[in-house]
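K.L.:
Listed in order, the protein sequences are those of chains R and Z. FYI, in the working numbering the residues of the first sequence are 1 to 318. FYI, in the working numbering the residues of the second sequence are 1 to 259.
Careful: at least some of the hints might be erroneous.
To be verified - Mimicking EDC-like on lysine to aspartate or glutamate, the simulated pairs with C-alpha atoms at most 20 Å apart in a straight line are:
1) R:K316 - Z:E251
2) Z:K146 - R:D237
3) Z:K190 - Z:E69
4) Z:K238 - R:E288
5) R:K252 - Z:E161
6) R:K278 - R:E198
7) Z:K229 - R:E293
8) Z:K238 - R:D286
9) R:K17 - Z:E162
10) R:K278 - Z:E256
11) R:K305 - R:D286
12) Z:K257 - R:E313
13) R:K138 - Z:D23
14) R:K305 - Z:D242
15) R:K316 - R:D223
16) Z:K146 - R:E97
17) R:K17 - R:E28
18) Z:K146 - Z:E165
19) R:K252 - R:E198
20) Z:K146 - R:D184
21) R:K278 - Z:E251
22) Z:K257 - R:D223
23) R:K178 - Z:D112
24) Z:K66 - Z:E37
25) Z:K238 - R:D302
26) Z:K66 - Z:D27
27) R:K252 - Z:D12
28) R:K138 - Z:D27
29) R:K305 - Z:E251
30) R:K252 - Z:E165
31) Z:K146 - Z:E51
32) R:K305 - Z:D241
33) R:K316 - Z:E256
34) R:K285 - Z:D241
Stated by the list, open to error - What follows is a set of in silico ranges between Cβ atoms, one per label pair, in the way DEER data are often shown:
35) Z:G191 - R:A14: 48 to 54 Å
36) Z:E194 - R:A122: 55 to 61 Å
37) Z:E256 - R:D123: 32 to 38 Å
Derived from the structure by calculation, the hints contain no laboratory data. From the three backbone atoms N, C-alpha and C, an ideal C-beta is built for every residue, glycine too.
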Amino acid sequence: MAEVLVVVEQSAGAVKKVTLELLTLAREIGTPVAVVLGGPGAAAPLMDKLGEYGAAKVFTAEHDDLDGYLVAPKAAVLAQLIRDTRPGAVLLAATQEGKEIAGRLAVKLDNGLLTDAVAVSADGVATQVVFAGSTIVKSRVTRGLPLVAVRPNSVTPVATPASPEVVALDVSVPEQAKLARVVDRVAEAKGARPELTEASVVVSGGRGVGSAENFAIVEELADLLGGAVGASRAATDSGFYPHQFQVGQTGKTVSPQLYVAVGISGAIQHRAGMQTSKTIVVVNKDAEAPIFELADFGVVGDLNKVVPQAIEEIRKRR
Amino acid sequence: MNIVVLVKQVPDSGAERSLRTDDNTIDRGSANNVINEMDEYAIEEALRIREAHGGEITILTVGPDKAAESIRKALSMGPDKAVHVLDDAMHGSCAPATSAVIAAALGTLSPDLILCGSESTDGRVQVMPHMLAERLGIAALTGARKLVVDGATLTIERQTEEGYEVVTAATPAVVSVWDTINEPRYPSFKGIMEAKKKPVQTLSLADLGIPTGTVGFAGATSQVVEHSKRPARSAGTKVPDDGTGGVQLVEFLAAEKFV
Ligand SMILES: Cc1cc2nc3c(=O)[nH]c(=O)nc-3n(C[C@H](O)[C@H](O)[C@H](O)COP(=O)(O)OP(=O)(O)OC[C@H]3O[C@@H](n4cnc5c(N)ncnc54)[C@H](O)[C@@H]3O)c2cc1C
Ligand SMILES: Nc1ncnc2c1ncn2[C@@H]1O[C@H](COP(=O)(O)O)[C@@H](O)[C@H]1O
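Go ahead and model the full structure; you've got the sequences and the hints to work with.
P.N.:
Encoded structure:
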């Protein structure tokens, strides 16, 4: 079977969940081969996890330049690797970085690309859900190899232990790729909650939550369910919650097992970011709110009563 | 500073959108077409830079006839002039082909700074700035929530999952912005009147020296095989809160094994 190259994403020295999903998907369409790109020492802490999820081989590219500039150096190294090894397909995460790398690879290799896929079949046909979740599109790359960015939470990661062969690549980054220099990385407190796009539970609050202070009940419910906190644009624009947690058309796209929408009306632009969630639960005082059309379970009522009662009930059951 | 802002016309994301059944392209005929929202933030950022540092702002759009309306709307916010690449052969173009056309048009304008939105609300591809940077051999600073111009040095803050990165490059460069960067102004009446007289240059693919066979369906690097409407979710249980709504909600979550 042809090798399927999986571009590894990591966060704080750990393999991101989306990469495990990509390895699982790669196994269905070929032989999974991981490639780690980062500063010196980036690969070692990731090896066990990559093996556990079935990587048959791991290419490691470690160099300060891969860490010190925006995606261009990574794209340069990957393009060379793809030319040298001619894999059957290349899978990346449909994150900001993954899509940016894919875009550069498409130009460098004169290759088509598909972004935001939720599935990829063995013959390279990718499924995408577009227009606020209303339309399903099946597409294929017609020039070059399937180069596909896959949305987080599209596949359930399954461990299949392997002992990967490790191949260290010689890295030399052309000057042309060193134009956008990262001069600082600043961590912003996000607490112990899972990353929004990777979380299996997301609890989001909207304008109906009423204030920044009152978002505490949204956070509390999220914490009890082990989830991440999201917000509608009305809530972020009103300053109730920071912008990076916005879900929707111009925010994050999430696809968790459980999405809880509290005080959110369900505008089409919000639905664009959460419509593919598996189970949807709603609390809204307006029985006509369009968000109820998506709900597997909805309570028509005041969130200030319903949510605290739910929190108390979950506590009781522990 | 010579600034070019990339503006794409898209079908309104707040309305029903669909693909054409004949050729799987976006149905622009029946849609209410608007400026890609993110691009308004790019225009606003350009105006602020011109106010602070002087210079000239050109709107660049690659799109069909109808896109002319969006160009006038963009000009009414304050930019000086526009270039509209208009060619029927573009219909069905993929992102890499579109990037080649935009790159060629940028070549005729020699900008110091190219501003664009972080993503378009129709395709949501988020790839254009890096494709352009790759083609033009210049830097791409993407996903800016803040942009500082200091002579020929550009510095952005880029939101990441862990926090933010500070990234810097020399001009010429392409910078893409998120909607957190500013609050776009509304066009004034004066702006709307003036926009009618601002120069809009229309270029064809031949003007740019691009063979028609490299774009459109003929030059596409990917292909939509089929599309279908996603079945609507069947609405589930909806209960009025009779004083036990919170408990019932948890009962549902427990039955679904989330609690
Ligand atoms: C180009 C574009 C992009 C956009 N992108 C996004 C995006 O990415 N994400 C996004 O979310 N929006 C986006 N929007 C905005 C979107 O159109 C809506 O305006 C927004 O989603 C509304 O947020 P909301 O549901 O919180 O507020 P509202 O629509 O005001 O709804 C508030 C809801 O709370 C309910 N409520 C009020 N009080 C209570 C209470 N005490 N108890 C229970 N329920 C209560 C009300 O019944 C109402 O249904 C975008 C818009 C445009 C034009
Ligand atoms: N046809 C086009 N004409 C002008 N600008 C475009 C076009 N396509 C994309 N862009 C610009 O590139 C940005 C990112 O688009 P995309 O990569 O399609 O998500 C948009 O916000 C626009 O600023």
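K.L.:
It remains to establish, for every hint, whether it holds in the given structure.
P.N.:
Hint check:
1. R:K316 - Z:E251: 12 Å, holds
2. Z:K146 - R:D237: Between K146 of chain Z and D237 of chain R the Cα gap is close to 17 Å, so the pair holds against 20 Å.
3. Z:K190 - Z:E69: With a Cα-Cα distance of about 17 Å, the restraint between K190 of chain Z and E69 of chain Z holds, given a limit of 20 Å.
4. Z:K238 - R:E288: 11 Å, holds
5. R:K252 - Z:E161: Satisfied, since the Cα-Cα distance of roughly 11 Å is no more than 20 Å.
6. R:K278 - R:E198: 14 Å, holds
7. Z:K229 - R:E293: Holds. K229 of chain Z to E293 of chain R sits at ~16 Å (cutoff 20 Å).
8. Z:K238 - R:D286: 12 Å, holds
9. R:K17 - Z:E162: 15 Å, holds
10. R:K278 - Z:E256: Within the cut-off at roughly 11 Å; holds.
11. R:K305 - R:D286: Measuring from Cα to Cα gives roughly 14 Å; hence the hint holds.
12. Z:K257 - R:E313: 15 Å, holds
13. R:K138 - Z:D23: 13 Å, holds
14. R:K305 - Z:D242: 11 Å, holds
15. R:K316 - R:D223: Judged against 20 Å, a Cα distance of about 15 Å means the pair holds.
16. Z:K146 - R:E97: With a Cα-Cα distance of about 18 Å, the restraint between K146 of chain Z and E97 of chain R holds, given a limit of 20 Å.
17. R:K17 - R:E28: 17 Å, holds
18. Z:K146 - Z:E165: Given that 20 Å is the threshold and the Cα spacing comes to 11 Å, the pair holds.
19. R:K252 - R:E198: 11 Å, holds
20. Z:K146 - R:D184: 14 Å, holds
21. R:K278 - Z:E251: 18 Å, holds
22. Z:K257 - R:D223: Between K257 of chain Z and D223 of chain R the Cα gap is close to 16 Å, so the pair holds against 20 Å.
23. R:K178 - Z:D112: Holds. K178 of chain R to D112 of chain Z sits at ~18 Å (cutoff 20 Å).
24. Z:K66 - Z:E37: 17 Å, holds
25. Z:K238 - R:D302: Satisfied, since the Cα-Cα distance of roughly 14 Å is no more than 20 Å.
26. Z:K66 - Z:D27: 13 Å, holds
27. R:K252 - Z:D12: Within the cut-off at roughly 19 Å; holds.
28. R:K138 - Z:D27: 17 Å, holds
29. R:K305 - Z:E251: 16 Å, holds
30. R:K252 - Z:E165: Given pair K252 of chain R, E165 of chain Z holds - Cα atoms ~18 Å apart, limit 20 Å.
31. Z:K146 - Z:E51: Between K146 of chain Z and E51 of chain Z the Cα gap is close to 16 Å, so the pair holds against 20 Å.
32. R:K305 - Z:D241: Distance ~9 Å between K305 of chain R and D241 of chain Z Cα, so the pair holds.
33. R:K316 - Z:E256: 18 Å, holds
34. R:K285 - Z:D241: 9 Å, holds
35. Z:G191 - R:A14: 48 to 54 Å: 51 Å Cβ-Cβ, so the 48 to 54 Å window holds.
36. Z:E194 - R:A122: 55 to 61 Å: Given a distance of about 57 Å, which is inside 55 to 61 Å, the answer is holds.
37. Z:E256 - R:D123: 32 to 38 Å: This hint holds: roughly 35 Å between Cβ atoms.
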